[in-house]
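Engineer: Residue numbers (our numbering), protein chains in the order written: chain A, 1 to 283; chain B, 1 to 187.
Calculated from the structure, these hints are not laboratory results.
Only pairs whose alpha carbons sit at most 27 Å apart, straight line, appear in this in silico DSS-like list of lysine-lysine: (1) B/Lys174 - A/Lys110; (2) B/Lys173 - B/Lys136; (3) A/Lys218 - A/Lys207; (4) B/Lys59 - A/Lys23; (5) B/Lys123 - B/Lys134; (6) A/Lys12 - B/Lys21; (7) B/Lys59 - B/Lys21; (8) A/Lys27 - B/Lys21; (9) B/Lys90 - A/Lys103.
All values derive from a computational prediction rather than experimental measurement.
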Amino acid sequence: MENKNKINIEDKVMSEIKSGRIKLRSKYIFLAEKLGLGSAFALSVLLGVLFFTLVLFYLRASDNLRYLSFGSRGLFAFLQSFPYALVLAFIVMIFVAGVIIKKSGAFYHKPFGRIAVGLIGLILIVGVALTFTNIAEHIERRAFDGSNPDGMLFRPLFGAGFSKHDGGLAGKIVDISGKYIEVQTPFEVVKVDLSKLEEIPKGEIKKGVFIVAIGERKDNIFEPVNIQVMEGDDMPMIQRGVDRRFGGSAQGIPQAGSVGFCLAHCAQTGGDKIFCEKTCINN
Amino acid sequence: MTLSVNLSDEQLVIEIRERDKELYGEIIRRYQTKLTHYLRKFIRNGDELEDVLQEVFIKAYRNLFDFNADKRFSPWIYRIAHNEALNHIKKYKRESFSLDDQEWEIMDESIDLKKDIDNNILKKRIEDGLASIKDKYREPLILFLLEQKSYEEISEILRLPRNTVGTLVMRGKKILREYLVKHSYGK
Chain A
1 MENKNKINIE
11 DKVMSEIKSG
21 RIKLRSKYIF
31 LAEKLGLGSA
41 FALSVLLGVL
51 FFTLVLFYLR
61 ASDNLRYLSF
71 GSRGLFAFLQ
81 SFPYALVLAF
91 IVMIFVAGVI
101 IKKSGAFYHK
111 PFGRIAVGLI
121 GLILIVGVAL
131 TFTNIAEHIE
141 RRAFDGSNPD
151 GMLFRPLFGA
161 GFSKHDGGLA
171 GKIVDISGKY
181 IEVQTPFEVV
191 KVDLSKLEEI
201 PKGEIKKGVF
211 IVAIGERKDN
221 IFEPVNIQVM
231 EGDDMPMIQR
241 GVDRRFGGSA
251 QGIPQAGSVG
261 FCLAHCAQTG
271 GDKIFCEKTC
281 INN
Chain B
1 MTLSVNLSDE
11 QLVIEIRERD
21 KELYGEIIRR
31 YQTKLTHYLR
41 KFIRNGDELE
51 DVLQEVFIKA
61 YRNLFDFNAD
71 KRFSPWIYRI
81 AHNEALNHIK
91 KYKRESFSLD
101 DQEWEIMDES
111 IDLKKDIDNN
121 ILKKRIEDGL
131 ASIKDKYREP
141 LILFLLEQKS
151 YEEISEILRL
161 PRNTVGTLVM
171 RGKKILREYL
181 VKHSYGK
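Input sequences plus hints: build the corresponding full structure.
Structural biologist: The structure is reproduced here in structure tokens:
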């Protein structure tokens, strides 16, 4: 019976082969599959490295970590400005690389845990090494300067943290009048009411200096409970953001042709805030 | 034909890929009994087993260029058979286990139960025990004890590190022994 089955299967399979109904898949298909898988793996590792570098860069160059210097009261602002999208993208890339390794079975003779630890270690080391280059700053510039299509891809990743938030404020003082100061942030000019300050600001509040503050927004006015004066170099991303938005200005005076100059001119000629912002930003 | 009998599996594959497709019949002859024996652990029904076996040989033929001739052919085709068997079980949601006449004795010796139990009952208990333990233990255990594969070969078939295979086989034996002890008393 078994012998009969034996012949039966051999006959069936061989007749399919001889008739040409079953063909060998080309070696180039397997080559292409391997190349595709290898490329996808390499790309996911590279992007993982890049996103990790960007996370480190963001933490170092933005206002995010500065909020923690206010202690537990700065936690809310820290969480609001945290680069979730970048961290998520980084985790997704590591996950994708892991799945490719697992699916391809390329390193099956080594325990997967060890491979995963090695891979993550490699990504972290190369990511840290890349922070000593200006690649992250270059990506930030491309993301926010004009309409570079490649840069635009990165803008949403920065966007989750690098955007307006209610619990904190970082920017440059451009005007002081009484209990109010005006602060240019990378997104807008914010009126800040100093009357609710609970602690004496660390450093001198004057035009042209950068500050980080925690507090809350009420009807377009930010009411800080604590302020720290910073150097622009302490938050280069904020400094560049302000310069991009309002034009480079050493003493807080907007330069002709910049959005800041336009806003100031528009306000002087009687335009309301919403109209001015729409006109100046869109143009 | 006589020439093909003297070739190793790997040499035969190279010949099939580059010169003579009809030599594939020799591969089928060499592996049909072994793979039938292996697949029977997963599939009881004779017709279903034959269909799966046929699919294994067709799949192996189609993917011959994926085989690295520097490695051994046997684990490669066993891996295809293994995957096909698992697909079949998933597809029909039918997980069963059956042993040949001598196989349960091999299992009995291996797990060293040393109990005076009726042979038929013990065979059934071993089958049930194997069916009840997790796949990750059962698969290496079957390959090691019943298919007489080395850890190295099992590592290639299941795509697991060699040391992991050793650990799984040991734990599998322990779990099976515990199952048999538990289910042999009081029943």
